[in-house]
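Start from the sequences and build out the full structure, keeping to the hints where you can.
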Amino acid sequence: MDWGAIFSNAAVELISPTTAAYALAALGLAVHFGYTGLLNFGQAGFMALGAYGYAISILTFGFPVWGAFLVGVGASVIFALILGIPTLRLRADYLAIVTIAAAEIVRLLFTTNSFASVTGSANGLSGYKNEFAALNPLAAGSYGFGPFENNAYDTWLRIVAWSIVILAALFVWQIMRSPWGRVIKGIREDEDAVRALGKNVYAYKMQSLVLGGVFGTIAGMIFALPRAVVPSNYQTTLTFFIYAILLLGGAATVLGPIVGSMIFWVLLSFFSGFVSRAVEAGWFPFMTGVQGSQLRFILVGVAIMLIVIFRPQGIFGNKKELAFVR
Amino acid sequence: MSANTVPVIPTGPTGKPIKTIDLHIGEAEPGCQKRDPILVVDGVRRTFGGLTAVDVDHVEVPRGAITALIGPNGAGKTTLFNLLTGFDKPDAGKWTFDGRPIAGVPAYRVARLGQIRTFQLTKALGLLTVMDNMLLGAKGQTGENLFRALLPFLWRKQEVENKAKALDLLTRFKLDTKKDDYAASLSGGQRKLLEMARALMSDPTLVMLDEPMAGVNPALTQSLLDHILNLKSQGMTVLFVEHDMHMVRHIADWVIVMAEGKVVAEGDPHEVMKNPAVIDAYLGQHHDEDIGEDPEAEVVHVSAIKELLDDER
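Chains A and R are the protein sequences, given in the same order.
Just so you know, we're using our numbering here: the first sequence kicks off at 1 and counts up by one.
Just so you know, we're using our numbering here: the second sequence kicks off at 1001 and counts up by one.
For the record, the hints were derived by calculation from the structure and aren't laboratory data.
Some clues are possibly wrong.
Claimed, not checked - To give an idea of the interface, some chain A residues facing chain R are shown, with a C-beta separation under 7 Å as derived from the structure:
(1) 175
(2) 319
(3) 321
Every residue, glycine too, gets a C-beta built ideally from N, C-alpha and C.
Shown next as structure tokens:
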């Protein structure tokens, strides 16, 4: 059993761009669900819009990186408005139904063969990384140390991804301690009470939906940069993983989604490495390698259940809040 | 009124509250004209399927006084409240607040105009601190704009002023020691106080209280009554829905009685309870066949039933 390799592979995930992408998407959900109380089950749809918006802009229209970035953000703002205009006047559960369906519609539109020339259908898109790599100021070579050693492109990607996450976290931290954040948290507690105090609840909920959605979209771009854009990556399970990260870290916190994402990915990678090697070594004689690769999700599920049972407020959540759960 | 009702409502520090009188013009009848109305309601109707919950032809709420809206369960009092504050939309009708037509105006704009309401089931924002609850009540906050929220120097001064004002109000409502606790940790009565204090953060002209006494510990009742009387002495108009007749008699200057969606009587709190229409509303139209003719006896009967109901709560 090569424990060194298992741990070093797990450590790689600590600062991988995928972890950053999940952290940013979870931060968007924290704005939606943790602070505003909006049940957005369509974060995968926002991420897909970001990934496809970026890739299609570059591949089909030859946009520069900033142009492609703006296209993705614009698409998600429009998506949020389309979702929000009919549903935000209704009770919270309606938004959950509409968002989960809308995210599936987005994914299926990207999968359908009718748009294969633009979207690549089920095979997805690739070959959009050169524009981003061209912006890399780092000289070719290797940076970092130990498990965190990467080539110039991967280091550049990590720097950009985590800078965006840190900026987004600072942004959320600042607005949530402002009077704006107070209104948002009030809406989570009881929107009628906030309305009775003269606040335009509908406008605030819309701002929150757009803001968290844009975070999800940027996360989708970061998620797409180390790999290809494949529609099957944007299924509802993606949304549920992000919810798991959010609850793990603490729903109404800024650091929670980020640390939650790190724990989630480190655990996933650790169990993946451990199970596959354990199956090879014959520790689980009843199991094939394929079954073993599924076992990691079961183990991650158990780990998350344990955290939620023994620390239900999440890692950074305020224990006092749970004393008053209705 | 029978003598045994007196100890239930202890008199305030200044003895009996001073009533505002001479509010109406002409006879005290349903829809009668007021000398200085703040709220004028015309032909408001709201149906739920086949049920007409509210059907008010005309009613005026006098300015600078405490008006009680009473009536049996299902009379449409809360529905009328919801309509007047923009939380519900009527099938027909219009109304003016301070001379300004506000039918169809959304709830948050109604609140900004100075007509603030509270709710029958208290809506304290549980996982916000008491202080945050109060600050949420302040009007015209610069930092409530998403972009300006990013620049604290734009709103810090206003925030400090609002905090001072909130602390002042909390001290008056004896909640200042709780200011950093979650509102969810307050008792039912304290939440009512908090909701009222929060409403005052915006300096309203008309305060609409939906059953301010419901579910409040009797020990807090007197303090709540004094706070309501204080609103009047500070120049605010109060309109409240209440079931507790003792309280209505004690603090209301004017009483509007609703039954089956209509205004059936109006008048001075002591006179209106003698009105046959009110007795009909509370006891049913055919009560007199068995009970007898003496209206005084019936009033006693009404209060007896009310007290029974109060005891049950």
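Hints and how they fare:
The beta carbon of residue 175 of chain A comes within 5 Å of a beta carbon in chain R, closer than 7 Å, and the hint placing it at the interface holds. Checking residue 319 of chain A against chain R by beta carbon gives a least distance of about 12 Å; that is not within 7 Å, so the hint is violated. Of the supplied interface hints, the one on residue 321 of chain A holds, with its beta-carbon coming within about 5 Å of a beta-carbon of chain R, less than 7 Å.
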